[in-house]
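A.B. asks: Each chain, written out:
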Amino acid sequence: MTELVVLVFERDAARTSELDKALKAAGYGVRVFSDATALLAEATQRPPSLVVLDLDLPHSEGPSLLKTLHDVAPGLAVVTETAKPTVEGAVEAMRRGAYNYISKHGPVAHAIDIIGRALEKERMEIEAREKARERKIRTFDNPGSLAEIDSILSRHHYSDSMLIAYLQDIQKDLRYLPQDALRFVARRINVSLPRLYGIATFYKSFSFRPRGRHTVHVCLGTACHVRGGARLLESFERMLGIPTGETTYDDRFSLESVRCVGCCGLAPVFMVDGHFYGKMTQEKIPQIVNRYE
Amino acid sequence: MSVGNETTHRKVTVCFGTACVAGGAREVLDALRREASRSGAGLEITVARGKCGASCDLAPVVTVEPGGAVYGRVKPSDAGEIVKHLVGGKVVRRLAVSSRPGLDSLPVLADIGFFKNQVLIAMRNRGRIDAESLDDYIANDGYLALAKALTEMTPEQVLGEVKQSGLRGRGGAGFPTGVKWEICRNSPGPDGKYVICNADEGDPGAFMDRSLLESDPHAVLEGMALGARAIGADCGYVYVREEYPLACERVIKAIEVARDCGLLGKNIMSTDFSFDIHVVRGAGAFVCGEETALMASIEGKEGRPRPRPPFPAQKGLWGKPTNINNVETWANVAPIVLRGGAWYASLGTAKSKGTKVFSLVGKVKNTGLIEVEMGTTLRQIVYDIGGGVLKDKKLKAVQTGGPSGGCIPADLIDLPVDYEELSKAGSIMGSGGLIVMDEETCMVDVAHYFVSFLEEESCGKCTPCREGITRMREILGRIVKGEGKRGDIELLQDLGKVIKDASLCGLGATSPNPVLTTLKYFRDEYEAHIFRKRCPAKVCKALIVYRVVAEKCTGCQRCVKACPVQAIVGPRSQPHNLDPAKCIKCGACYEVCKFDAIAGDAIYVE
Numbered sequence: 001m002t003e004l005v006v007l008v009f010e011r012d013a014a015r016t017s018e019l020d021k022a023l024k025a026a027g028y029g030v031r032v033f034s035d036a037t038a039l040l041a042e043a044t045q046r047p048p049s050l051v052v053l054d055l056d057l058p059h060s061e062g063p064s065l066l067k068t069l070h071d072v073a074p075g076l077a078v079v080t081e082t083a084k085p086t087v088e089g090a091v092e093a094m095r096r097g098a099y100n101y102i103s104k105h106g107p108v109a110h111a112i113d114i115i116g117r118a119l120e121k122e123r124m125e126i127e128a129r130e131k132a133r134e135r136k137i138r139t140f141d142n143p144g145s146l147a148e149i150d151s152i153l154s155r156h157h158y159s160d161s162m163l164i165a166y167l168q169d170i171q172k173d174l175r176y177l178p179q180d181a182l183r184f185v186a187r188r189i190n191v192s193l194p195r196l197y198g199i200a201t202f203y204k205s206f207s208f209r210p211r212g213r214h215t216v217h218v219c220l221g222t223a224c225h226v227r228g229g230a231r232l233l234e235s236f237e238r239m240l241g242i243p244t245g246e247t248t249y250d251d252r253f254s255l256e257s258v259r260c261v262g263c264c265g266l267a268p269v270f271m272v273d274g275h276f277y278g279k280m281t282q283e284k285i286p287q288i289v290n291r292y293e
Numbered sequence: 001m002s003v004g005n006e007t008t009h010r011k012v013t014v015c016f017g018t019a020c021v022a023g024g025a026r027e028v029l030d031a032l033r034r035e036a037s038r039s040g041a042g043l044e045i046t047v048a049r050g051k052c053g054a055s056c057d058l059a060p061v062v063t064v065e066p067g068g069a070v071y072g073r074v075k076p077s078d079a080g081e082i083v084k085h086l087v088g089g090k091v092v093r094r095l096a097v098s099s100r101p102g103l104d105s106l107p108v109l110a111d112i113g114f115f116k117n118q119v120l121i122a123m124r125n126r127g128r129i130d131a132e133s134l135d136d137y138i139a140n141d142g143y144l145a146l147a148k149a150l151t152e153m154t155p156e157q158v159l160g161e162v163k164q165s166g167l168r169g170r171g172g173a174g175f176p177t178g179v180k181w182e183i184c185r186n187s188p189g190p191d192g193k194y195v196i197c198n199a200d201e202g203d204p205g206a207f208m209d210r211s212l213l214e215s216d217p218h219a220v221l222e223g224m225a226l227g228a229r230a231i232g233a234d235c236g237y238v239y240v241r242e243e244y245p246l247a248c249e250r251v252i253k254a255i256e257v258a259r260d261c262g263l264l265g266k267n268i269m270s271t272d273f274s275f276d277i278h279v280v281r282g283a284g285a286f287v288c289g290e291e292t293a294l295m296a297s298i299e300g301k302e303g304r305p306r307p308r309p310p311f312p313a314q315k316g317l318w319g320k321p322t323n324i325n326n327v328e329t330w331a332n333v334a335p336i337v338l339r340g341g342a343w344y345a346s347l348g349t350a351k352s353k354g355t356k357v358f359s360l361v362g363k364v365k366n367t368g369l370i371e372v373e374m375g376t377t378l379r380q381i382v383y384d385i386g387g388g389v390l391k392d393k394k395l396k397a398v399q400t401g402g403p404s405g406g407c408i409p410a411d412l413i414d415l416p417v418d419y420e421e422l423s424k425a426g427s428i429m430g431s432g433g434l435i436v437m438d439e440e441t442c443m444v445d446v447a448h449y450f451v452s453f454l455e456e457e458s459c460g461k462c463t464p465c466r467e468g469i470t471r472m473r474e475i476l477g478r479i480v481k482g483e484g485k486r487g488d489i490e491l492l493q494d495l496g497k498v499i500k501d502a503s504l505c506g507l508g509a510t511s512p513n514p515v516l517t518t519l520k521y522f523r524d525e526y527e528a529h530i531f532r533k534r535c536p537a538k539v540c541k542a543l544i545v546y547r548v549v550a551e552k553c554t555g556c557q558r559c560v561k562a563c564p565v566q567a568i569v570g571p572r573s574q575p576h577n578l579d580p581a582k583c584i585k586c587g588a589c590y591e592v593c594k595f596d597a598i599a600g601d602a603i604y605v606e
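In order, the protein sequence lines correspond to chains A and B.
Take 1 as the starting number for the first sequence in the numbering used here and just add one per residue.
Take 1 as the starting number for the second sequence in the numbering used here and just add one per residue.
Treat the hints with care, as some may be off.
What the hints assert, rightly or not - Covered stretches of chain A, going by a simulated chain B footprint (3 or more residues, C-beta under 8 angstroms):
#	region
1	56-65
2	162-174
3	231-244
4	265-271
As the list claims (entries may be wrong) - Mimicking DSSO-like on lysine-lysine, the simulated pairs with C-alpha atoms at most 27 angstroms apart in a straight line are:
#	chain 1	residue 1	chain 2	residue 2
5	B	K148	B	K266
6	B	K266	A	K284
7	B	K266	A	K279
8	B	K541	A	K284
9	A	K279	B	K148
10	B	K538	A	K284
Rather than coming from a laboratory, the hints here were simulated on the basis of the structure.
Even glycine gets a Cβ: it sits at the ideal position worked out from N, Cα and C.
Here chain A stands alone, though its shape is the one from the complex (with noise of 0.2 angstroms):
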């Protein structure tokens, strides 16, 4: 089991010896800084699975801090402390994203007990990844996939009209959009996050869900469908016990349907991972399937 890491960044001597040794107590690890350079240094190169980051800074700085804090690892896990709590400043945090905005006056079981519900999903996702990868399904995971959507966009010189292009390379990659892919690409290129959304879902070939390791292709197109097409996609609902646009419990398979694949001359066509089979009846689709694990 992954350990859970917490960085405590608070100015504030007395909380923080008090916040290192109820979250050890809880079983966490806990790392504290005092000086916001190195703190970024290691959120940026050892992503935790939470901060809890002081807003009371000179300068007004916490706020923008968190800000930074997200840029270097974006859908981190923020927990705010303050000694002078307000309305207006609970709401400017969580506006900023952070995960919650809690008084320094407060019991320290109080912030325990809000950084043990945040770890709570933390856990659940790294178990999820974990399960994926045994199951070895490439997941959106920090920093890696961060490095390499950076070079994606770097690619396109970061322009704003190859919004397109992004998604289609980074689903390429990743076989689907997360959602932290997606607001990594609007922070990055500084297009705003429903806009993407927009592009993302106006198009198909954007997913918002992992796909199989093998995704099968059914072609409709009116030589298909008058060949018998729509009895081959009823075949392989049938036999791989999902509608179509769904992926298989053991994530074998996906199976889509699609508008012609320009392929008439030998229909009723499917595809399975771009490889064509053509003059298909429902007598040979087990055999092919089997070939593929």
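We have chain A; now place chain B onto it with these hints.
C.D. replies: Just chain B, lined up with the frame of chain A:
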């Protein structure tokens, strides 16, 4: 290229089109290379990848030079025999593609019915060149038209030839290409102009754009360069559908090679003409074939059409004058410039000049791409070139123009195919898909199929298209389920008229065509579904029942194995029983009985 029998040079070409690669062309090529190096003593044997010959039904196809013999459905294990033909001249009759049974002499390309009635302009290099070789293209007069245009002609003269040729847009609408170019040329473009090649071939059943890009990319690039010269553009885009990865790869490669050779880029052929081309991949949206939607997509936005005017020729990509033509249109440009507009105009009919590439598919014997003169009749296409309907069944209709087109009934088989005649019959030319339908095709099902397609692809911007198509689909959905009501036919006709008149772009305006033409020509089929709850073609699941014909059934048990729900039971060698309550009407038993089982046709559908 003519190589006499006396020379020691032999060439064997393996078609590398999509269908042939799917059919195992790569493996055949490797096997031929191995065999040739082993036993080709004293001979110079070239084993080459060929351009798509577009006779996809025969995939994979191998051509042998000299002689031009054609072998079809070749397997890697046949390589040895084919190399023996090269060495000793002994024809492999078993694999030879024959125009009629019992033909004595070896068939060559020019003899075979499928090929002999065709006139090749856009597909001029079919089966003759390696798609990835610029040398091959140049050896077949490639880039000669561009050289002529840059050194001997003014841009006005290039435009003049295209105008004179009468070439019309091959993407569907048939707008005169020369006129389109002229409008763009006359639009002020101080910051440059664009030319775009629309390769977002979305019409199901049409694949000529794919084949052209995959097998002769330079023909398209040269056409674009000529267009850019005539219009005064300095930058071009090819917008390719992402479902065509091979097309995308080959165009990108061709652009790189052309750039390296000074055929694209700055100061082409050392003249003052500069022009470069970029490739943009689509992301799966049918509506992006519409020109304003396509431009929005290139700009990195959702591909939604916008009202015109302003037309792209005035305000197009990034607000600059832009000319968009389809792949096939661009592929026609170089021969026109080289041989003159008058030559092209001498082919075809009064208003539709030249040739058109069609993808002849569906229930027809010879499927593939064909290029014929405008005005060729449907009969010539389906019977002389296509070899007739599959299993000699009765022709019911030919569907043209993709989802926006219509169904031409068998009575109109002598219709000469051009833009005007097709639209008179209620259909459109579209991108050139010709889908042959026989008595086993249900026209209501076909209408339902196209309307479902369009419902999914409607971008949702304008109400008549978004809501109208959905209502049409619901009504048709009821009819194919046997829940049709009196008045449905009239309602469909009314709806169709409103959608046609009120939609924003071509997708909506043409969307009722499949319904209206089938209603016009096959009203009796609709009535059979609505009033008698029967599907005459035996396609609509809710209206058919499968049963075993006891007298025909030999009890071979193949259907028992094929049935996914164990609805068929019966001991070996005795007529089987089919339980209609369990049957899900998947047709698996029908398929095996029809094609493979000993009994044949013992599964009956009614």
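A.B. asks: CA of B/K148 to CA of B/K266, is that 27 angstroms or under?
C.D. replies: Between B/K148 and B/K266 the Cα gap is close to 18 angstroms, so the pair holds against 27 angstroms.
A.B. asks: Verify this for me: three or more residues of the region 265-271 of chain A with a beta carbon less than 8 angstroms from a beta carbon of chain B.
C.D. replies: holds (count 4)
A.B. asks: When you check the alpha-carbon spacing of B/K266 and A/K279, does it fall within 27 angstroms?
C.D. replies: 47 angstroms, violated
A.B. asks: Do three or more residues from the region 162-174 of chain A put their C-beta atoms closer than 8 angstroms to C-beta atoms of chain B?
C.D. replies: holds (count 6)
A.B. asks: CA of B/K541 to CA of A/K284, is that 27 angstroms or under?
C.D. replies: 22 angstroms, holds
A.B. asks: For the region 56-65 of chain A, do at least 3 residues have a Cβ located nearer than 8 angstroms to some Cβ of chain B?
C.D. replies: n = 0 at 8 angstroms, threshold three: violated.
A.B. asks: What's the verdict on A/K279 and B/K148, does the C-alpha distance respect the 27 angstroms limit or exceed it?
C.D. replies: Since the Cα atoms of A/K279 and B/K148 sit roughly 46 angstroms apart, the hinted pair is violated (cutoff 27 angstroms).
A.B. asks: Within 27 angstroms, alpha carbon to alpha carbon, are B/K266 and A/K284?
C.D. replies: 54 angstroms, violated
A.B. asks: Would you say the region 231-244 of chain A counts as covered by chain B, given the rule of at least 3 residues with C-beta under 8 angstroms?
C.D. replies: holds (count 5)
A.B. asks: Is it true that the CA of B/K538 sits at most 27 angstroms from the CA of A/K284?
C.D. replies: 23 angstroms, holds
Violated hints, in rising order: 1, 6, 7 and 9; the structure is consistent with all others.
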